[in-house]
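**Q** Protein chains in written order, with the working numbering: chain A, 1154 to 1629; chain B, 1154 to 1629; chain C, 1154 to 1629; chain D, 1154 to 1629.
Keep in mind that a hint or two might mislead.
Stated by the list, open to error - EDC-like cross-link-like pairs, simulated, lysine to aspartate or glutamate; straight-line CA separation at most 16 Å:
(1) 1503(C) / 1163(D)
(2) 1503(D) / 1163(C)
(3) 1542(C) / 1424(A)
(4) 1511(A) / 1424(A)
Hint data in this document are derived by calculation from the structure and do not stem from the laboratory.
Here's the letter readout for the chains.
Protein chains: 4
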Amino acid sequence: MGKLWGGRFEGGLDPIAWEYNASLSFDWRLAEVDVRGSIAWAKALMKAGVITLDEQHQIVKGLTDVLTEIRTGKFEHLPSDEDVHTAVERRLTELTGPVGGKLHTGRSRNDQVATDFALWLVDAIDRVDAFLKLVQKTLVARAEEDMGVLLPGYTHFQQSQPILLSHWWLSHFWPLARDRQRLAQIRERAAVLPLGSGAIAGTPFPIDRKFLANQLGFKAYTPNSIDGVSNRDSAAEYLFAAAMIGIHLSRLSEMLILYTSAEFGFIDLSDAYSTGSSLMPQKKNPDTLELTRGKAGTLIGRLTGVMTMLKGLPSAYDKDLQEDKVPVFETTDTLCLMLPVVAGVVSTLKIRADRMEKALNPAMLSTDLADYLVKKGVPFREAHTLVGKAVRRALDLETPLNRLPVSELQSISAFFGDDVNTVFDFEASVARRDVPGGTAPAAVTIQLQQAREFLKSHKIRSSVPHSETPHGGDGS
Amino acid sequence: MGKLWGGRFEGGLDPIAWEYNASLSFDWRLAEVDVRGSIAWAKALMKAGVITLDEQHQIVKGLTDVLTEIRTGKFEHLPSDEDVHTAVERRLTELTGPVGGKLHTGRSRNDQVATDFALWLVDAIDRVDAFLKLVQKTLVARAEEDMGVLLPGYTHFQQSQPILLSHWWLSHFWPLARDRQRLAQIRERAAVLPLGSGAIAGTPFPIDRKFLANQLGFKAYTPNSIDGVSNRDSAAEYLFAAAMIGIHLSRLSEMLILYTSAEFGFIDLSDAYSTGSSLMPQKKNPDTLELTRGKAGTLIGRLTGVMTMLKGLPSAYDKDLQEDKVPVFETTDTLCLMLPVVAGVVSTLKIRADRMEKALNPAMLSTDLADYLVKKGVPFREAHTLVGKAVRRALDLETPLNRLPVSELQSISAFFGDDVNTVFDFEASVARRDVPGGTAPAAVTIQLQQAREFLKSHKIRSSVPHSETPHGGDGS
Amino acid sequence: MGKLWGGRFEGGLDPIAWEYNASLSFDWRLAEVDVRGSIAWAKALMKAGVITLDEQHQIVKGLTDVLTEIRTGKFEHLPSDEDVHTAVERRLTELTGPVGGKLHTGRSRNDQVATDFALWLVDAIDRVDAFLKLVQKTLVARAEEDMGVLLPGYTHFQQSQPILLSHWWLSHFWPLARDRQRLAQIRERAAVLPLGSGAIAGTPFPIDRKFLANQLGFKAYTPNSIDGVSNRDSAAEYLFAAAMIGIHLSRLSEMLILYTSAEFGFIDLSDAYSTGSSLMPQKKNPDTLELTRGKAGTLIGRLTGVMTMLKGLPSAYDKDLQEDKVPVFETTDTLCLMLPVVAGVVSTLKIRADRMEKALNPAMLSTDLADYLVKKGVPFREAHTLVGKAVRRALDLETPLNRLPVSELQSISAFFGDDVNTVFDFEASVARRDVPGGTAPAAVTIQLQQAREFLKSHKIRSSVPHSETPHGGDGS
Amino acid sequence: MGKLWGGRFEGGLDPIAWEYNASLSFDWRLAEVDVRGSIAWAKALMKAGVITLDEQHQIVKGLTDVLTEIRTGKFEHLPSDEDVHTAVERRLTELTGPVGGKLHTGRSRNDQVATDFALWLVDAIDRVDAFLKLVQKTLVARAEEDMGVLLPGYTHFQQSQPILLSHWWLSHFWPLARDRQRLAQIRERAAVLPLGSGAIAGTPFPIDRKFLANQLGFKAYTPNSIDGVSNRDSAAEYLFAAAMIGIHLSRLSEMLILYTSAEFGFIDLSDAYSTGSSLMPQKKNPDTLELTRGKAGTLIGRLTGVMTMLKGLPSAYDKDLQEDKVPVFETTDTLCLMLPVVAGVVSTLKIRADRMEKALNPAMLSTDLADYLVKKGVPFREAHTLVGKAVRRALDLETPLNRLPVSELQSISAFFGDDVNTVFDFEASVARRDVPGGTAPAAVTIQLQQAREFLKSHKIRSSVPHSETPHGGDGS
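If we strip away everything but chain A, and leave its shape as in the complex, we get (with noise of 0.2 Å):
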């Protein structure tokens, strides 16, 4: 039965009803950044003349205390604890006595879950954000590893024109770091202390917002308490960000995948990243991969189901918002084996640079063909047409575009001169593409150093320091 609101009622609550109420078996993961929120509350309630020095003294004894339980893992749970808050609660007063009874004066579990949440949450950004960071670095070393290696570059998964591997790789880095961008704003908007809120209109007693927040390393608090205690805004741009980055690996893997395929051939996973098969000695699956792929599904679903649950709130706090916790736990360590995984995939495996540089088809010159009609005054649109005809002509005759016979293609256009065949190298092809952000290993190269360049200056903290560690013990 919960103690922290037993007076009003009669009757115990129904053993079902209670356990499906119970958060204490998820929130736990709250203990640590509670008692960190509480030793700042303490220290507030102090100052606003509320308790003695003394009282707060002891109080911050007492959370020290069972913080360390905590850490240690000695803290013994009851049956009777509802959550977290009430079980640290619980404990303090058994260690100091009635004085922890005058803890919870001026504040409600409402603005001290939203507290709790916010602290966990900046401090799980801080740590996806590394291991984004880690990807990302990993990219960057193939790229610089695997530079002058050609593959095939593919739209529609078909064979479009050549590109450097290291601009395929490259091409993985930034959309990962716009998740970091994504990141760090959201956890801008997720440091905003909302303690202090009461459970709704705002706490009676002198608190010292701006100390409070200063105290927990937040650099601004709630400016409305209703919005304070009922704004779960940051737990969705969060799981959103995780389904985003689920995206982003999604499509990493799904051709990486491929690429381990026997057709393909262009990769070889390390065993480690690889399982096999129970049934068939031969197989070796990308399993770390398709998990990837497939966890991006189950961070989407996250996403949706507490956008519904907050879809279906009236103003305030409702006890719905408990469902935001454990989504935003589960994604967090969801990520935090998905991106070290897929780091360890992309560092181990080995390139096949034989098998893509075989893969690569003159017909992929296509393009290239065209614009050579271009450069002796054809139009685009025209000299498209022209080489189409080539293409189909090839395809008629059953050779490669390159072997067609010039009289073939001037019986098409008179334009094609005997230096065509000089189109048909892919090397030049791709150096031909230099424009900043193009596939010429000079442009990869500025944008190999430009990557370097976001990793050195991105910067994701700016007002949470993301230590655990309640910040000293006494009045400081």
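Please arrange chains B, C and D on chain A, whose structure you already have, making use of the hints.
**A** For chains B, C and D alone, kept in the frame of chain A given last:
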């Protein structure tokens, strides 16, 4: 390191990749059905001449021992147990020696897990159906108990017409009846045996799949081995049905929450299903109903997640499919709490018939007033306009509609006669709606009978017995 | 300004609010079924003694004229037409005079639109089902035509075991069979008459709902008027079924896209279902398949949208429900293009049996090699390990598995005999999988027969005739 | 038949496949930005030496004429116009002759459509932001106008503590402030030029991408051509931001709907934003608010759809990406009605301060009563329990909490003194919550100032000017 597929591999799996890949932490819930499936498979292997009767006995004996360990919680997991199938086979071989290594002949984890999943799901559906029936019975009981009580019916959240409370309770019975029909149909489609499909191509041993199906209580087996291993329709269907249940309970919960507010005051929740506030001593919160509303969002998210995962697949088996398990397991857990909690809330709440009656407003009889004119020959459309004017007049005069002097009414239409006051009788209004499905007491009495009939006649079980007990241990 | 409800109101609707609220732009698609429902209602009103036979005749005549205007595109919309129901009644009254104003007696737009929607949906399901059947027939035709062709089966996107192409085609037949079963069941649940439910409480006139149901081709009517007007289960169910169809076609499309790539080269799409590139003259893109894959995502989104909307509702009718129409209409349009396009793609593509055969790799027979050892008495688990070693050896020696000298094999296990080469026969491997549902030609022949049987015996229509023609015009 | 890519193809596209593939029906909305992008491209081609200044002038002149046709509605579509790009180029060539065929040199529809989309999106964001600002201003105006009015604050839908109505209005201001911050950040990320990326590999002509970006008002260009053509992050981000807006407006709407009910009666909607019932003459329905609530579900569905589509893709451009357009267009249309409608509802509704005041219940001051004890030295936890008992006692005696005799209170705790009645003052309770963000009039006055400050200082526009006018016509 996976014992099941090690021969081809040189190095071990990276530890993080191992954790990412391992499914034992969640698929252990399949342990009992996995053993059940394996026992049937051992018999089928014997029948196909692949193993001897003696070998079958050894294997079945071993599996039965493993099952006992599972049920008594004595099964010891090893760090190398990749998934439930590996763990069970590993333990079997420890208990039986090399003969255990014969069990996996001719099957794959692909058809094995699909079979396990079908067995588990069928059982889960039976459990959920039983809880749905419980909620339905509770609604019928309330409808019986509260017969005769009137309250406002709401459309657009606005008072519309008076209805019987029993009619309202039953309006939440029929959606659950549809849910149960859906579940029965999904169960039928789920209860089709995949075993014998191998990894993708079928098994090369002369397995009698009909015998296998019978052993496991299935009425049919999959007609195509590729589809057999990659079909997860029933996971999606089940999650959809669960989300619909969530929607139906959310709509009921939303309305009950509203009814508990001070402004409505139509019902009083039992303390056994309410909680208090840590800050505000007077609060009694409908947390269980709010959680039901919130969890309905989570259920929709799980459906989205699995469908998104499935949509991203090519033909045949891919590891992504592993992501179907957690949502199906968690959804079952959610429903097996949500449904009994709602039943508990509904059966223990107290209605406040006086508040309901007091809320009835004569304006809710405006349609009856229009019908009064219709009976005097005024076309309904015109009658509607005339009564609209009367309502407007009453609003302007700040008088209840039934207190508007007949002279006022007659200034709007001469068809209003002195008998107009007979219209303003809530009971009579309700009694007039005596079509099938209407709110008249006579109609609701028939409806109640139909509801009881449904409870009696609806059967979910058609093929797979839902007991988890394996069928005997010897060569039947 | 809505003529239907104006009396009580003082000012007109704000123009933007009008645009926001008006549904005529999309619900006009209900015009024919709305008239159909109204004709039946007029008859029911006469039968109930509310209008005379002569009035019924006038109204039915008027409605029939309105229907003609609708069908010939001559119906003129007025800016004041709020929705389809308003528009039809307005026009009816113009044509018939005041008697038209009697039509709406005893009904509400709530039960009217639910009835219209049920009629429309049943018809939509029939159309979608017919297209599904078309795709199924196309798959059967391919399976018949391509019988005997072998190709690699893929699991985890990796070559696993050889299969029959016909078997693969049929693996896409059965998911569609489940889709059609689902649709038939949804149709059954959708085809329940809501009319007679009024706004919420039922109608006060002695309407014969059984007669009404018969008139409109329904076998049953809703048992509870509140549920009758607010139930949108069938919209959600239909969108779910549509999304599953999308998933099934997406999986097929994904694989076909892959097969069209240069690296696989297994199939050649017809020019009639391919498009080119504006830049690259050689490109032939499987756009139709990519769109199918992409639209499957859109279909899932529509389901999510409607379920999220439904989840946010209280009991009874709320205007939010209007949001069910556009997704249901658009989803039907999507399916009625997607399905024939897929049928067209499949029936016109050219398979390249030579490329398929060439892709077969002896390593795909590793399981057969293990089974060879099994037949010599080696437990499968051990055989799997031994063959794994052989595969490893072949990889190390860069030799195909079937070229590994017998001596090498024997150094791994003495059970390998000189007859081991008989294993390396793709046709024999396929033929061995001769269980029901297996890939052996004999088994696939039976499966084909089952598929044809399904096509012949499956019936969707059980209750509502899907013609949109109203049933006669007079008082029968 | 697509003129853009015909050369290689033998037969025409199947008519249904054509309809399936054609996007003109929806991407025509890009027509103006497409011309704008093409004008800039023509200049860049000239600058790169690909076309002459004279050719540039001809092309730009032609495009300007096309633009005029677009704007005046005189552009005639041909059945062969596959998409907006094809249509514009076709018309250009009709107007200019063969020189028009030079425009597409060095670009692809892949980078072209990505550029068009970015231009369109930036403009859409500006429009949505302006409407958000309108709603915010309306909320500020209400907060100013309604200052001093008290009403119950609700948590868990239950009365919790008295608050200022102005505080409640502002609680809906800040979520929209976060929405606007998000939009500004998304705009920044969207406003990066893809043009110059070609189909995948970059353009082989020496295009000055910085010049191009400047011409089109972008501050940056994409750093990688593969990512440049396949990145749709901004579509997903925008749909997410839109869904969050939907959630915020849905929560406001839900509460307003509730407030309009007879039982609450806190507000009266203007007739300009209400509708009536076709059946019940007395009804006045908050349809506009219900639609807002319902459409929030649709917005979430559109996000899900696009994310699911994106998740199913491999690297680089695939046709599936075409599915991003309709949801983005429709979402913009939805928001551009939803936001002004909500602004209209809020600004025109009438509050009923008397009803709000009457709803205040002394039990809402229980926390104040506990705080009273706290000030006498009772630890809050104990005070909470004591007040809980007082509430219980009052319920049992069926007396309001403030009428409970002091003797009764003192039998619960001796700390209750004769001054206890001073607690029961709603105004004083509100005034006590005078922390930043609290509901005290002084705090709300400061908050109002902060809101006005936000309105003044927040700027969305940072890079792309949102005018759709192309910048001049000659080679500047």
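**Q** Going straight from one Cα to the other, do residue 1503(C) and residue 1163(D) come out at no more than 16 Å?
**A** 15 Å, holds
**Q** Are residue 1503(D) and residue 1163(C) close enough, with their CA atoms no more than 16 Å apart?
**A** This hinted pair holds, its Cα atoms lying about 15 Å apart.
**Q** For residue 1542(C) and residue 1424(A), compute the direct alpha-carbon distance and say whether it is at most 16 Å.
**A** 15 Å, holds
**Q** For the pair supplied as a hint, residue 1511(A) and residue 1424(A), is the alpha-carbon distance within the 16 Å limit?
**A** The hint is violated at about 25 Å.
Going through the hint list in order, the structure does not satisfy hint 4, though it satisfies all others.
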